Amino acid sequence: KAGVTQTPRYLIKTRGQQVTLSCSPISGHRSVSWYQQTPGQGLQFLFEYFSETQRNKGNFPGRFSGRQFSNSRSEMNVSTLELGDSALYLCASSFQGIGNTIYFGEGSWLTVV
Amino acid sequence: DAKTTQPNSMESNEEEPVHLPCNHSTISGTDYIHWYRQLPSQGPEYVIHGLTSNVNNRMASLAIAEDRKSSTLILHRATLRDAAVYYCILRDDTDKLIFGTGTRLQVFP
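Residue numbers (this note's numbering), protein chains in the order written: chain A, 4 to 116; chain B, 18 to 126.
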């Protein structure tokens, strides 16, 4: 079956712009979470959605937001981009529940210039 | 958030066993121990998880200390494709994973 799909894979934005990243979870998965990975900070949790509701949020400024649609697809948005937002953004999905495996997509590489 | 401590790096030769340690002294009774690995330019990949008992799957084995304050991921025969960063994570009943710095495993032919 298809894995977690993230689009776009690569993008370049200018400081001050905004960006929207998309994630299609594995079919049947209702939980979607987002992570940011940078060389300096490593992998950091952004937020988690289940059935269109945000269940957890990491320590990121309000410029980072997300949402989940009724078909479980999710988007995250970063407004007023800063150079430090350059990172690999990873989406993950699961059936939800501690016994279920979390599957990651290949990520979206964002470069802010 | 419960934290884990892992060595920054480890080395192994191909076809030799590898034991990757993890300390998690602040683990709570309901936290599961999960291991993920990340190959270059890829998203993290699930390896194995357990609660109290040792676990085996086709990729690896997980040995959990009796007091659950530490665990060891065992790769029985390392291959070059096992070269990756391995993360030991304590997971609660949500999908929020708190990644540490992980262990970078190098495998030599």
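Calculated directly from the structure, the hints in this document are not laboratory data. In this text, all values refer to a predicted model and were calculated from it rather than measured experimentally. Don't be surprised by glycine CBs; every beta carbon is placed ideally from N, CA and C. Do not take every clue at face value.
[Claimed, not checked] With a straight-line cut-off of 30 Å between C-alpha atoms, the simulated DSS-like cross-links for lysine-lysine are:
1. B:Lys86 to A:Lys16
2. B:Lys113 to A:Lys60
3. B:Lys86 to B:Lys20
4. A:Lys60 to B:Lys86
5. B:Lys20 to B:Lys113
6. B:Lys113 to A:Lys16
7. B:Lys86 to B:Lys113
8. A:Lys60 to A:Lys16
[Claimed, not checked] A few chain A positions that, by computed beta-carbon distances, are all more than 10 Å from chain B:
9. Gly31
10. Glu55
11. Ile105
Results of checking the hints against the structure:
1. Restraint check: the Cα-Cα separation between Lys86 of chain B and Lys16 of chain A comes to about 44 Å, which exceeds 30 Å; the hinted pair is violated.
2. Distance hint between Lys113 of chain B and Lys60 of chain A is fulfilled; the C-alpha atoms sit about 9 Å from each other, no more than 30 Å.
3. At most 30 Å may separate the alpha-carbon atoms for a hinted pair to count; Lys86 of chain B and Lys20 of chain B meet this at roughly 11 Å.
4. With a C-alpha separation of about 27 Å, the suggested pair Lys60 of chain A and Lys86 of chain B falls inside the 30 Å cut-off, and the hint holds.
5. With a CA separation close to 13 Å, the supplied pair Lys20 of chain B and Lys113 of chain B stays within the 30 Å bound.
6. Simply put, Lys113 of chain B and Lys16 of chain A have alpha-carbon atoms about 28 Å apart, close enough for the 30 Å limit, and the pair holds.
7. Under the criterion of a C-alpha separation no larger than 30 Å, the hint pairing Lys86 of chain B with Lys113 of chain B is consistent with the structure, at around 20 Å.
8. Distance restraint check for Lys60 of chain A and Lys16 of chain A: the Cα-Cα separation of roughly 25 Å lies within the 30 Å cut-off, and the hinted pair is therefore satisfied.
9. For Gly31 of chain A, the non-interface assignment is confirmed: its Cβ lies about 15 Å from the closest Cβ of chain B, beyond the 10 Å cut-off.
10. Every CB of chain B is more than 10 Å from the CB of Glu55 of chain A (nearest about 15 Å), matching its label as outside the interface.
11. Against chain B, the non-interface label of Ile105 of chain A is violated: not every CB pair exceeds 10 Å, the least being about 6 Å.
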